[in-house]
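S.K.: So you can see what is in the structure, the chains are spelled out below.
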Amino acid sequence: MHISSSIGIWIAAFLTLFVYSFLYKDNPFYKFAEHLVIGLSGGYYIVTVWTQILKPKLFTPLLQQGNLILIFPLILGLFMWARFIPKYSWISRWAIAFTLGVGSGISIPSVMQAMIIRQIQATMLPVGFHSYIGWMNLFIIVGVLTSLIYFFFSAEHKGFLGVSAKIGIWFIMIGFGATFGYTVMSRISLLIGRIQFLMTDWLGVLH
Amino acid sequence: MNIYEKMMSIDRRILFVLIALSVIIPLLKPLLLPINVTKEAKHLYEFVDELKPGDVVLLSLDYDPSTMAECHPMALSILRQCFSRGIKVIVTSLARPEGLGTAEMALTQAAKEYRKKNGEDYVFLGYKPNAAAVVLAMGENFRLAFPNDFYGSDLENIPMIKGLKNYKNIRIVVTVSGSAIIDTWVIYAGGRYGVPIGAGVTAVMATDYYKYLQSGQLVGLLGGLKGAAEYEKLIKHPDMATKGMDGQNIAHLMIVFFIIIGNIGYFLGKKAKASKGMGG
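Those protein sequence lines, which keep their order, are chains A and B. Take this note's numbering: the final residue in the first sequence is number 207, and no numbers are missing along the way. Take this note's numbering: the final residue in the second sequence is number 487, and no numbers are missing along the way.
Rather than coming from a laboratory, the hints here were simulated on the basis of the structure. Where hints are given, some of them may not hold.
Residues on chain A that point at chain B, a partial pick, calculated with CB under 8 Å [claimed, not checked]:
| hint | residue |
| --- | --- |
| 1 | Val-49 |
| 2 | Pro-86 |
| 3 | Ser-89 |
| 4 | Ile-91 |
| 5 | Met-115 |
| 6 | Gly-175 |
| 7 | Ala-178 |
Anything over 12 Å on all C-beta distances counts as not near chain B; from chain A, calculated [as the list claims (entries may be wrong)]:
| hint | residue |
| --- | --- |
| 8 | Leu-63 |
| 9 | Tyr-88 |
| 10 | Ser-131 |
Using 30 Å as the maximum straight-line C-alpha spacing, the simulated DSSO-like pairs for lysine-lysine come out as follows [to be verified]:
| hint | chain 1 | residue 1 | chain 2 | residue 2 |
| --- | --- | --- | --- | --- |
| 11 | A | Lys-57 | B | Lys-323 |
| 12 | B | Lys-477 | A | Lys-55 |
| 13 | B | Lys-477 | B | Lys-249 |
| 14 | A | Lys-166 | B | Lys-450 |
| 15 | B | Lys-477 | A | Lys-166 |
Every residue gets a Cβ at the ideal spot worked out from N, C-alpha and C, and that includes glycine.
Take these sequences, add in the hints, and give me the full structure.
M.R.: Put into C-alpha cells, the structure is as follows:
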C-alpha cells in the first residue's frame with residue numbers, strides 16, 4: 001500500500017467521494033463538487049478556445065500575418081453577439097443563416113448517401129432458407145419493414161398492418177433492451193474507472 | 208409491509224453498497240474470468256495489424272474525462288498496437304476542448320512506453336471546433352484544417368507530415384468517441400473520401416453504431432469497457448480494462464439478481480392479492 005503524496009490526486013479523490021456522497025442523500029459536499037465542475041469546465045473551455053482557436057487560428061494570422069480574409073468570419077462571429085442587444089439582435093440572424101446554409105449544403109447530400117442510401121443498400125440482402133446467413137438476412141429485412149410499418153400512422157393499425165406493427169414493436173423493444181443493457185454496462189464501467197482511480201492512484205492498494 | 212412488498216422496495220442505498228462491493232472485491236481478488244473476443248473487435252485489430260511499418264493511422268481521440276473509464280483503455284491499446292508495429296499516428300481530438308488533456312495523456316503515455324518521438328513517430332494536431340468542417344478540410348489537405356500542431360509547430364516543419372496531404376495518405380481513421388462525432392467521421396471521411404473507419408465507443412452508444420458495421424461503413428467496433436478489454440487481449444497487453452472486467456461481470460450478475468427478485472416480488476404479490484380478493 002502506497003498512499004499518493006500528490007495534492008492533485010488527493011483533490012481528485014475527495015471530489016470523487018463528494019460526488020458519490022449524493023447516493024446517500026443530497027448534501028453540501030456534493031453541491032460543492034457540482035458547482036466546481038461547472039465553473040471549472042467553463043473556465044477550461046474559455047482558455048482552450050482562446051489558446052487553441054481564437055489566438056492561433058484567427059487573431060495571429062489576421063493581425064500578424066495579414067490574412068485579411070479572416071475578417072469575414074470575425075465579423076460573422078461578432079454578429080452572433082448582437083443577440084445580447086435587443087435593438088440589434090436581428091443582425092445575429094445573418095450569422096445563423098450563413099451557418100445553417102453552409103451546414104445544410106455540406107451535410108444534406110453526404111448524410112443522404114451515408115445514412116439513408118447505404119443503409120437501404122445494406123438491407124437489400126439475399127434471402128435463403130438453406131443457410132444460417134439466409135435466415136438472418138430474412139430476419140433483418142422483416143425487422144426493418146415491420147419497424148417502419150409501426151411508425152406508419154396514415155392508416156389504422158388493423159389486419160395485416162396491425163400484425164406487422166405488432167411484430168415491429170417487438171423488434172423495437174428488443175433494440176431498447178439491448179440499449180438498456182449496454183447503458184447499465186456503461187454506468188458500471190464509470191464506477192469501475194473511479195474505484196480503480198481511488199484504489200490505484202490514491203490509496204495504492206492496486207498496481 | 209409483506210415479504211413481496213419488501214422484495215420490491217429494498218433500500219436503494221443497500222443496493223449501492225452491494226454494487227460497490229461487487230466491483231471492489233474482484234479488483235482486490237481477481238477472478239480472471241475469460242474475456243471472449245467478438246468479431247467486431249477482431250476485425251479492427253486485424254485491419255491495423257496488417258498495416259506495414261511506416262503506414263499512417265489517423266486516431267481521433269474524441270472523448271473527455273466523463274467517458275475516460277471506457278475510452279481511455281481503447282485509445283491506449285490502439286496506440287500501443289500502432290507503436291509496437293512501427294505505424295505512425297496522427298492524433299486529433301475533435302469532440303470537445305476538454306478532450307485535449309485526455310488525448311495528450313494517452314498519447315504521451317503510449318509514446319513513452321515505446322520511446323516514440325513527437326514529429327517523427329506521431330503528431331498531435333489538437334482540437335478545432337466544427338468537427339464536420341474540420342473532417343472535410345482534412346480530406347483536402349491536413350494543413351487547411353491544422354496549419355500548426357497542438358504545440359504550435361508549423362506542419363511544414365514536422366518531418367512525419369512531409370509527403371502527407373490528406374486521407375489518401377492515411378490507411379485508416381480510428382475514432383475513440385464518447386459522443387456522436389462518429390457519425391461525422393462515417394459520413395464525411397468514410398462516405399465522401401472513402402477512407403476506412405474504425406471506432407471505439409462507450410457502451411451506451413454501441414447499439415447505435417452496429418448499423419454501420421452491417422453496412423460495411425465501419426471496419427470494426429469496440430463497445431465500452433468490454434470492447435477495450437477485448438482489444439487489450441488481442442494486443443496481448445492486459446491493463447485497466449481487463450482488470451475491470453471481473454467487477455463488471457459480478458456487478459451485472461448482482462443487477463440481474465435484483466431484477467429477478469423485484470419481479471418475483473411483483474408477480475407473487477399480485478397473485479397473493481388476487482387470491483385474497485377471491486377469498487374475501
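S.K.: Identify whether the interface hint at Ala-178 (chain A) stands, where standing means a beta carbon of chain B within less than 8 Å of its own.
M.R.: Holds. Min distance 5 Å.
S.K.: So, Pro-86 (chain A) near chain B? Judge it on the closest CB pair being under 8 Å.
M.R.: It is violated, given that the least Cβ distance between Pro-86 (chain A) and chain B is near 27 Å, above 8 Å.
S.K.: Does the alpha-carbon distance linking Lys-57 (chain A) and Lys-323 (chain B) stay inside the 30 Å limit?
M.R.: holds (28 Å)
S.K.: Does Lys-450 (chain B) sit within 30 Å of Lys-166 (chain A), going by the straight-line distance between their CA atoms?
M.R.: violated (43 Å)
S.K.: Run the C-beta distances from Ser-131 (chain A) to all of chain B and say if the shortest one exceeds 12 Å.
M.R.: holds (17 Å)
S.K.: Would the hint linking Lys-477 (chain B) and Lys-249 (chain B) be met if the CA-CA limit is 30 Å?
M.R.: Given that 30 Å is the threshold and the Cα spacing comes to 47 Å, the pair is violated.
S.K.: Between the alpha carbons of Lys-477 (chain B) and Lys-166 (chain A), is the straight-line distance 30 Å or under?
M.R.: holds (27 Å)
S.K.: Straight-line Cα separation of Lys-477 (chain B) and Lys-55 (chain A) no greater than 30 Å?
M.R.: violated (66 Å)
S.K.: A cut-off of 12 Å on Cβ-Cβ distance, and Tyr-88 (chain A) was said to be off the interface with chain B. Does that hold?
M.R.: holds (25 Å)
S.K.: Does the CB of Met-115 (chain A) sit less than 8 Å away from some CB of chain B?
M.R.: holds (7 Å)
S.K.: Was Leu-63 (chain A) rightly flagged as not at the interface, with every chain B Cβ beyond 12 Å?
M.R.: holds (15 Å)
S.K.: Go through the hint on Ser-89 (chain A) and say holds or violated, using the shortest Cβ distance to chain B against 8 Å.
M.R.: At 23 Å from the nearest chain B Cβ, Ser-89 (chain A) fails the 8 Å test, so the hint is violated.
When held up to the earlier numbered hints, the structure conflicts with 2, 3, 4, 12, 13, 14 and fits the remainder.
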